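Just so you know, the protein sequences line up as chains A and B, in that order.
UniProt numbering puts the first sequence at residues 1 to 253.
UniProt numbering puts the second sequence at residues 1 to 253.
Among the hints, a few may not be true.
[Claimed, not checked] Cβ-Cβ distance ranges computed for the label pairs, FRET-style:
{"id": "1", "chain 1": "B", "residue 1": "Gly175", "chain 2": "A", "residue 2": "Ala43", "range": "32 to 42 Å"}
{"id": "2", "chain 1": "B", "residue 1": "Gly46", "chain 2": "A", "residue 2": "Glu172", "range": "30 to 40 Å"}
{"id": "3", "chain 1": "A", "residue 1": "Ala159", "chain 2": "B", "residue 2": "Ala30", "range": "26 to 36 Å"}
{"id": "4", "chain 1": "B", "residue 1": "Ala24", "chain 2": "A", "residue 2": "His135", "range": "40 to 50 Å"}
{"id": "5", "chain 1": "A", "residue 1": "Arg44", "chain 2": "B", "residue 2": "Glu57", "range": "47 to 57 Å"}
{"id": "6", "chain 1": "A", "residue 1": "Glu57", "chain 2": "B", "residue 2": "Thr19", "range": "39 to 49 Å"}
[As the list claims (entries may be wrong)] Here are some chain B residues pointing at chain A (derived, C-beta under 7 Å):
{"id": "7", "residue": "Gly32"}
{"id": "8", "residue": "Glu33"}
{"id": "9", "residue": "Glu186"}
The set of hints was computed from the structure by calculation and includes no laboratory data.
Given the structure is predicted, the values throughout are model-derived calculations rather than measurements.
Ideal Cβ positions, reconstructed from N, Cα and C, are used throughout, including at glycine.
Spelled out from the first residue to the last, the chains are:
Number of protein chains: 2
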Amino acid sequence: MGTTQLETVPEPKYWHLKTVLSQALDSEFAVGEILPNERDLAARFGVARATLRQALEQLELEGRLQRRRGVGTTVAPPRMGVAVGSAQGTWPGAVGDAWQPADCGPAVPSADVARMLETLPEEQVHMVRRTRVSHGQPVAAELLYVPTSSVPELTGIDAPSGAARARAVLRELAGLGLEGQDRAVELGSARADDAKALDRLPGAPVLVVTTRFFAEGRTAAVSVATYRADTCRLTFGDSGGVEIHHGPERHAS
Amino acid sequence: MGTTQLETVPEPKYWHLKTVLSQALDSEFAVGEILPNERDLAARFGVARATLRQALEQLELEGRLQRRRGVGTTVAPPRMGVAVGSAQGTWPGAVGDAWQPADCGPAVPSADVARMLETLPEEQVHMVRRTRVSHGQPVAAELLYVPTSSVPELTGIDAPSGAARARAVLRELAGLGLEGQDRAVELGSARADDAKALDRLPGAPVLVVTTRFFAEGRTAAVSVATYRADTCRLTFGDSGGVEIHHGPERHAS
């Protein structure tokens, strides 16, 4: 965080190494370049392997490095600013929506989602699966839960599943008057299916955005969206989800 | 995520264990209770220690477990909903602000913050340090950067540092007409000083919220707030940062 006259807490060894490594990344390595192996790096900086590994883990958490099986550790590009919703809000699937419908089928939501939707314990809802691609990369996977109180059984639709059915559910949902929405962001770990969609290993850290959509005085739909924490910076703007155009805040670098 | 007809990806062994453990936490353990040691747990569930450890790490990432030095692994309380700003926005330090000013002094911000503030590379700004307490626990630490173009040198103030000076800077800042703000959320790791303020170990995962405040056609201040990722769910409401009152979405449980 630059020089400051308020720093008073001593920093552990790997933390100092992290700062030194971070500067080396800036000056000596290009985005996408593969780092030397751990043994060579530890020797170069005169530290134990364990210390080096801790520093590398921190840099991965901060989005500076990417570790991929079979490739090694590479220098990550700056995180992408990904706009999350607008202040006033629109229904999922509205014009300009960045999400692509992938699938739809009946499902019993988790207890927490069921509580928000006020559905019964074993009650099925429409579960729409969508994905979001930014700059050619998959950045997020979403499960959107729509109870039959919002969109009844679609008897007139031929498609029992798939993107066509997803679009049909979204079209019906958009017929309700949206009264508002709220949103929560928390840390989570990627489920196996999300991890596959996001090109990550199961259990990778993700940012989970839970959005409740309100209509007719109740929660009409709940979206649980899982964003890659390594490549994404979620942005919230004043005016319809404007992206921050400046570079990422390199926290603690 | 309950039963669903869309699940097609096989889940790794530790993932299944995580689900089983999660159910055991719900049915057999109370919040704050200390878990049996790893050897006993591995024996009970008939898995290798490495598999158990992976599952425990996932549950920690999802906020179900807390691991503390000298205490062991305990069952975590549900994450707290912590409201992050309002849609329309107010200056830091406005009435009802949840943050407590702790300190203030001159500092040279990081290159990224300097770029947002359009200050020169070595230019000093006011750096206000604030903390946020919720339900008796420290949940976040903030560094607020205010350039002298927003608040000039405070020659009339006796206090060269401390909370009194912080309040003086915030008071001056509030004299500017706030035109808007935007916000970004990303994953980070706790710096040593933040970690101390948040009662965590350095490098612990945190949610970093960067807010830009706009006035007079430029960025008048930048806040970098570090929230505990283990205990906090950041909430964004339609109407002035309303909290979500329902329980957390237990992602992937």
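### Message
Checking each numbered hint in turn, tell me which of them this model violates, lowest number first.
### Response
Going through the list in order, the structure violates hints 1, 2, 3, 5, 6, 7 and 8 and respects the others.
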